[in-house]
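Let the hints inform the model, and build the full structure from the sequences given.
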Amino acid sequence: MTQKIKTVSFVPRFFGAFGQFFKYMGSGDYAARCQRVASGDLLASEAEPTVITETIDVIREIEVAAPTLDTVNIDGAHQLLQLLQQEARFIDFLQESIDDYTDEDVGAAARQIHVGCAKVLKQHFTIEVVNTASESSRIEVPSDYDVKQIKLEGRVEGLGPYSGTLIHPGWKVVDTRLPKVTNTDNLTILAPAEVEV
Amino acid sequence: MGDYFIGIDLGTTHSAVYYSASADDSLNLQALTIPQLTAAGRVDSLPLLPSFVYFPHGTEFLESDLQLPWGKVTSIVGQLARELGTKSSGRLVQSAKSWLCHSRVNVDETILPVDALDEVQKVSPAIIIEMLLLHLVNAWSNQFPNTPISEQNVVITVPASFDPAARAITEKAAEKVGLKTRLIEEPLAAFYAWLSDQSTWTDSLEVNEHILVVDVGGGTTDLSLIQTVEKEGSLSLERVAVGRHILLGGDNMDMTLTYHLAGQLAQKGTSLEPWQISGLTQASREAKERLLSNPDLSEATVVVPSRGRSLFNKSIKATLTQKDVQQLLIDGFFPEVQLGERAQNAVRSGLSKINLDYESDPAITRHISEFLALHNIKPTKVLLNGGVFNASLIRSTLEERLGNLLNGADVTMLTPSHLDYAVAKGATYYAQVQAQGGVKVKSGLAANYYIGVASPMPAIPGMVPPVDAICVASFGLEEGADEQMLPNEFALVVGENVTFRFFQSKNNEIEAVGKTISSFSLGQLSELNPLSICLDAGHYPVGEMVRIYLTARVTELGLLLLQAHDTQSDLSWTIEFQVREA
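Protein chains in written order, with our numbering: chain A, 15 to 211; chain B, 1351 to 1932.
If you are wondering where the hints come from, they were derived from the structure by calculation, not from laboratory data. Wrong hints could be hidden among the right ones.
[Claimed, not checked] Which chain A residues stay away from chain B? Per the calculated CB distances, all over 12 Å, these:
no., residue
1, F28
2, D43
3, R47
4, Q49
5, G130
6, V144
7, N145
8, E149
9, V195
10, V211
[Stated by the list, open to error] Pair ranges (Cβ atoms, derived):
no., chain 1, residue 1, chain 2, residue 2, range
11, B, D1465, A, T116, 37 to 43 Å
12, A, T116, B, D1681, 32 to 38 Å
13, B, L1585, A, S150, 52 to 58 Å
14, B, T1436, A, N87, 31 to 37 Å
Quick reminder that beta carbons are idealized off the backbone N, C-alpha and C, glycines included.
This is the structure we're talking about:
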């Protein structure tokens, strides 16, 4: 945007001239600027801005934030506990000491809990093995293996590829179908108190 | 034509929905998952919708707790309803479908829940069916908002033993929730599911073979016979007989084990409370499955933990042995029987609460033998349906019993499509076959139908004029077939309340339309619910006897429709099987 310079009327001009005299005298810098204006240079605010379009390639280095420890969504954890309690009385089982009961009692209870927990797992998750090779078989692991999926153990050295025995094929969740909830406020109530009236 | 074919298995204990896209060339039948409440404020999508409706107490839930993807509800349908019903009484409705066939209760009578608390508003069986269907419709709209179900080809399954009135009620309930549906019999749907799995079904079947379909659901057993016939040089299929409505199913088996264990516990001095019975049923079902799937296992422990937080304290423990299971289930439900042996009727108590007419003879094999003897047919192939047959021991026992029943004749067991979902799947396939062509099973009326006609006689004090039954529609009459006209004329009373009596034959011998069964031999027919209506008098004076001729036809939707036509004018009256009186 350009701005027009407004003219100054005679009286302020008359008195202002005395001030300008001393200012001109006192400052070399000011005097130099006045000379520039006198020679016809325009002030920046008066001049039409020139638009310079220039395409430049920006190579930005993004700084990756150092990993910080974060809490996972606790609602999901609470819901899973709710489901396990509802179907398998999982919390009841773990909150009770089993020291005083015989293996037979615990075994019988474990069967029911197993049925319930398995139902929850099957209903809400699709779980598959990470590595489909059979357990205890020899497998090859490439040098650029995914460390999340494979954990090398034993005498790990060199650059690979590595060959070793599959101790445990691992588990991964390929699909999650958790129930929807209307309100996440009361998920901390894993099971309401039951009152028979 | 809609974009999808939809099959709805409206089961007594569970409902399921399958669908396939009509644009798909290859057969791709998929299950619809049904969102339902599984706890307060928690919605889960499951492949089955338990056919239970629960009417909660005002303070039982927050308003936000009963939110489904399509909005708030005031009554709960599905898994949560079933669960709540085991803990609270007087608020749960179950097996609503079985009431549609009840001989003494009108479907529009508000009687459910049967044990309703005073503050619970009772509703009619027809309303419950509507609520269940509406839930399924909403589940569809939720997943396919751009293809309204009212524009799709929908097929609903009904038990083969449903009488015309029960079919009409199902049809009407579907219409009320905006569905344009056809009906198909459940065993037939299971057979269609089998057909959908075969690349060439003619390889497995030969001419003049009979296929027995045994469909044992949670609460009902349904039998049907399908025959392969040669028609114009190629094989075609006909449904030739259906069994009667048998209220006996997988739930009876679980109950048997429960009561056996409860008896065992009672001997030890432990008496069970109602909540323990349901816990025991659940636990014995699991034990049964373990024992049946592993014949080497000699016994399984059944534990009912206390309702308190301790799993061990006050828990009830019983042992179910392999021998018990075999004796109770195999000998109780699948005993060795001879052909023609009839189901036994226990002596009934004079008074009983109004409830469903449960079967008194639990022997499924005996029901099969009675059915086969009645129709005098020896099947060579058997198709099983229902979760009960997941147990290989039950499958093999039934196969053996059938072999003996038919004097060692070779009976081949067809491989069922899926024991739990076959009905919904088959219904979808049927919808597709109807629209796009494919092998159809010819299935007309499942019995001969008769209407009661009073014969004139001189007045005798204390004697009502005898009623003869005249056949109005014969077995095998197909949908969309030409109207059948009765040869004689009748007099119809108009403008006044009159009662019509209807009868149904017990076997599948085709009767000629117009054939009269005299009042003395009415015993050979089973009477259906009478209909009491007032027909519009039109231009006739009230109470006039109008000369009419009767026609019968089966509508496109498979409903039997009787029409009376005035011989003197264009007036005609429709006598529907829809309205039923108690």
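Taking the hints in turn, this is what the structure says about them:
At the 12 Å boundary, the C-beta of F28 of chain A stays outside the reach of chain B, the nearest C-beta of that chain being 80 Å off. Even its closest Cβ contact with chain B, about 73 Å, leaves D43 of chain A beyond 12 Å, as expected for a residue assigned away from the interface. Every Cβ of chain B is farther than 12 Å from the Cβ of R47 of chain A; the closest lies at roughly 71 Å, confirming the non-interface assignment. For Q49 of chain A, the condition that its CB be more than 12 Å from all CB atoms of chain B holds, with the nearest at approximately 77 Å.
Not every beta carbon of chain B lies more than 12 Å from that of G130 of chain A, the smallest distance being close to 10 Å; the non-interface claim is violated. Even its closest Cβ contact with chain B, about 27 Å, leaves V144 of chain A beyond 12 Å, as expected for a residue assigned away from the interface. No Cβ of chain B approaches the Cβ of N145 of chain A within 12 Å, the least distance being about 30 Å, so the stated non-interface status holds. Every Cβ of chain B is farther than 12 Å from the Cβ of E149 of chain A; the closest lies at roughly 24 Å, confirming the non-interface assignment.
Taking the minimum C-beta to C-beta distance to chain B, about 5 Å, the non-interface status of V195 of chain A is violated against the 12 Å cut. Residue-level check failed: V211 of chain A sits 9 Å from the nearest beta carbon of chain B, not beyond 12 Å. Checked against the given bound of 37 to 43 Å, the beta carbons of D1465 of chain B and T116 of chain A, roughly 40 Å apart, stay inside it. Checked against the hint of 32 to 38 Å, the C-beta distance between T116 of chain A and D1681 of chain B comes to roughly 34 Å, which is consistent with it.
Between L1585 of chain B and S150 of chain A the Cβ separation comes to about 53 Å, which falls inside the hinted range of 52 to 58 Å. For T1436 of chain B and N87 of chain A, the Cβ-Cβ distance of about 32 Å falls inside the hinted range of 31 to 37 Å, so the restraint holds.
Hints 5, 9 and 10 from the list above are not met by this structure, while the remaining hints are.
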